[in-house]
Structure formats: structure tokens, C-alpha cells
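There are 2 protein chains.
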Amino acid sequence: MGKSHYTNAGIKKNKAFSVNIPSEDLVVATDYVGLVSGKKTDKSDVFEIFYGKLPSAPLINECPINMACRLYDVYDTPTHDLFIGEIVETYADESVLNDGKVDLAQVKPLLFDMSSIKYWSIGKPIAACWNIGKQLKKK
Amino acid sequence: MGKSHYTNAGIKKNKAFSVNIPSEDLVVATDYVGLVSGKKTDKSDVFEIFYGKLPSAPLINECPINMACRLYDVYDTPTHDLFIGEIVETYADESVLNDGKVDLAQVKPLLFDMSSIKYWSIGKPIAACWNIGKQLKKK
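Respectively, the protein sequence lines represent chains A and B. At position 19 of the first sequence (counting the first as 1) the number is 19 in the working numbering, and the numbers step up by one without a gap. At position 14 of the second sequence (counting the first as 1) the number is 14 in the working numbering, and the numbers step up by one without a gap.
Hints are computed from structural coordinates only; laboratory data are not their basis. Glycine included, every Cβ here is placed at the ideal spot set by N, Cα and C. Watch out, some of these pointers could steer you wrong.
[What the hints assert, rightly or not] Mimicking DSS-like on lysine-lysine, the simulated pairs with C-alpha atoms at most 30 Å apart in a straight line are:
1. A/K108 with B/K43
2. B/K138 with A/K40
3. B/K134 with A/K138
4. B/K138 with A/K137
5. B/K108 with A/K124
6. B/K137 with A/K137
7. B/K134 with A/K118
8. A/K134 with B/K40
9. B/K134 with A/K40
10. B/K15 with A/K39
11. B/K118 with A/K138
12. A/K134 with B/K39
13. B/K108 with A/K138
14. A/K43 with B/K43
15. B/K134 with A/K137
16. B/K12 with A/K134
17. A/K108 with B/K40
18. B/K118 with A/K15
19. A/K108 with B/K118
[As the list claims (entries may be wrong)] Cβ pair distances, simulated, as ranges:
20. A/S4 with B/D25: 22 to 28 Å
21. B/K13 with A/S44: 34 to 40 Å
22. A/H5 with B/N14: 48 to 54 Å
23. A/P78 with B/A9: 27 to 33 Å
24. B/S115 with A/H5: 26 to 32 Å
[Unchecked claim] A few chain B residues facing chain A, derived, Cβ under 8 Å:
25. I21
26. E24
27. V27
28. K53
29. L54
30. P58
31. L136
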């Protein structure tokens with residue numbers, strides 16, 4: 001994350017952070033928290049927060065997938081902090097599970113493209129990984 | 001990348017690598033090169049290769065987007081090498097450009113989901129980033 005972000009200092013101090021996957025229907029609130037900085041604006045009431053095992057990793061209730069991470073290391077670059085975390089626990093809403101596994105078609109994750117400066121939806125499954133390519137194997 | 005990959009030694013030796021974005025229509029060949037290791041099988045004839053400024057970063061002609069990277073650093077973990085590269089040059093097929101910018105709708109990138117073990121397509125643009133959320137700003 002760019003060093004100018006207010007979040008960076010909090011992660012370094014608390015040695016924890018969370019990763020929350022927003023669905024398409026959260027686009028307005030998700031964009032809003034990316035637009036305004038916590039340095040100037042209190043954003044703590046935009047989403048409903050809950051906590052798991054890590055007392056300083058707030059998790060977003062509205063997001064179908066949440067990961068609480070312990071800070072493992074920070075890789076320093078001139079412009080960005082690269083935060084490397086160990087996932088301590090993962091939460092998934094029952095509604096996005098299929099046979100106990102996360103189903104992207106239900107998550108409807110909000111994708112971010114820096115080139116078009118747009119959010120994109122995910123499309124459809126195309127083929128099975130480590131499988132469809134077998135037809136090219138030499139006999 | 002997992003340390004067991006044959007590619008890792010090559011990147012460390014040549015201090016260069018490339019990132020190539022395959023389109024949906026390359027799913028079979030892309031999956032194939034992920035299925036077999038260069039340690040045992042010569043995969044150099046699967047795609048057509050070209051070179052830019054970096055003589056040891058082969059670029060894939062069939063992929064609409066290619067980035068040649070100089071190896072900047074390797075962050076070492078017990079199981080993975082995290083390769084940090086500096087993008088030296090980027091190539092984009094004319095056919096995926098719109099007003100000189102990469103258009104994801106034309107790229108049709110192949111997305112990879114480790115949970116479903118499937119490739120997915122990208123969907124549609126949803127909203128403008130750093131914009132749609134403005135409606136939540138307090139007056």
C-alpha cells in the first residue's frame with residue numbers, strides 16, 4: 001500500500017490487519033472508504049464491524065469473506081509498504097458456500113481495474129484448472 | 001512462486017522474468033504449461049516467443065498483454081520465493097486498446113480461482129472508481 005495511506009501506520013502499530021472481499025452490491029460504500037482518508041474522516045460507521053481472534057483486526061460484517069491476518073513482515077520500498085501477513089482465520093457467509101467451499105458465483109466479488117478506473121464483476125467459470133490442458137500432453 | 005517450480009532457478013540466474021496475460025481462448029495451452037514442468041518437458045514450442053529490451057525475458061506473442069521485468073529483489077519465505085520486479089516495458093496488442101488504454105472487455109483475461117480450481121472470465125464494468133462513492137460524502 002502507498003506510504004501516504006493512514007492505514008499503514010495502524011497496521012505497523014497493531015501488527016495485524018484484515019482482508020475483506022466486498023460483493024458487487026457494496027460498490028458505493030466500498031468506493032467511499034477508498035475516497036476519503038481516515039486521517040480526516042471517521043469511517044468506522046460505514047460498515048458493521050466484528051472481531052475474531054485478533055483484537056486489532058476489525059472484520060467487515062457486510063463482506064461475505066473476511067480474513068484476519070497477523071503481520072509477519074513489512075517489505076519496504078521507496079513508495080509502498082508491502083505488508084506480508086499470516087492468515088489466522090477466515091470467515092465465509094453460509095450463503096456463498098457450495099459443498100463447504102467458497103463459490104465465486106455467489107460471492108460476486110468487486111474487481112478493481114486501474115487501467116479503466118472501473119470496478120468489474122466476475123464472469124463465468126470457463127474450465128477446470130490442471131485438467132483442460134491435459135489434451136496437449138504428448139502420448 | 002512455490003520453491004519447487006523449475007522457473008524459480010531461471011529467474012534468479014537471469015535476473016529477469018515476464019508477465020503475460022492470457023485471454024480466455026488460450027485456456028488449453030495456458031493450463032498445459034501449468035500442468036507440466038520445464039524440468040522434464042520442453043514447453044518452448046507451445047507459444048510463439050518474442051523479445052524486447054531484456055534478452056532473458058521471453059514474451060508470449062499470443063498473449064495480448066506482456067510485461068518484461070528486471071528482477072529487483074527476492075523475498076524469501078520457507079515455501080515460496082516472492083519475486084519483486086521492475087517493469088521495464090509493456091506490450092499491448094492494438095486490438096485490446098481503446099483510446100490508447102487497455103480495455104479488459106477486449107483482453108478477456110483468464111482468471112484463476114484456487115477455491116473452485118477453475119478458470120473464470122471477467123464480467124462487465126460496474127461503476128467508476130473514486131467516483132460512485134461520492135454520494136456518501138457528508139455535505
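Fill in: Hint consistency between B/K138 and A/K137 [alpha-carbon to alpha-carbon, up to 30 Å]
violated (59 Å)
Discussion item. B/K15 and A/K39 were given as a pair; does the straight-line alpha-carbon distance stay at or below 30 Å?
Written reply: Distance ~40 Å between B/K15 and A/K39 Cα, so the pair is violated.
Worksheet item: Taking 8 Å as the limit, does the beta-carbon of B/V27 come near enough to a beta-carbon in chain A?
Response: holds (5 Å)
Worksheet item: In this structure, is the beta-carbon distance linking A/H5 and B/N14 contained in 48 to 54 Å?
Response: violated (34 Å)
Discussion item. Checking one constraint from the list: CA of B/K108 to CA of A/K124, max 30 Å. Satisfied?
Written reply: holds (12 Å)
Worksheet item: Could one say that the CB atoms of B/K13 and A/S44 fall in the range 34 to 40 Å?
Response: violated (49 Å)
Discussion item. Next pair to validate is A/K134 with B/K40; report whether the Cα-Cα distance is within 30 Å.
Written reply: Holds, at roughly 15 Å.
Item to complete: Below or equal to 30 Å on CA atoms is what counts here, so check A/K134 against B/K39.
Response: holds (17 Å)
Practice prompt. With a cut-off of 8 Å on the beta carbons, see whether B/P58 makes it to chain A.
Written response: violated (19 Å)
Worksheet item: Does the alpha-carbon distance linking A/K108 and B/K40 stay inside the 30 Å limit?
Response: Roughly 39 Å separates the two Cα atoms, so the pair is violated.
Discussion item. Please verify whether B/K12 and A/K134 have alpha carbons no more than 30 Å apart.
Written reply: Holds, because 29 Å separates the two Cα atoms, which is no more than 30 Å.
Discussion item. Against the 30 Å threshold, does the CA-CA distance of B/K138 and A/K40 hold or violate the hint?
Written reply: Between B/K138 and A/K40 the Cα gap is close to 12 Å, so the pair holds against 30 Å.
Violated hints for the displayed structure, listed by number in ascending order: 1, 3, 4, 6, 10, 14, 15, 17, 18, 20, 21, 22, 25, 28, 29, 30.
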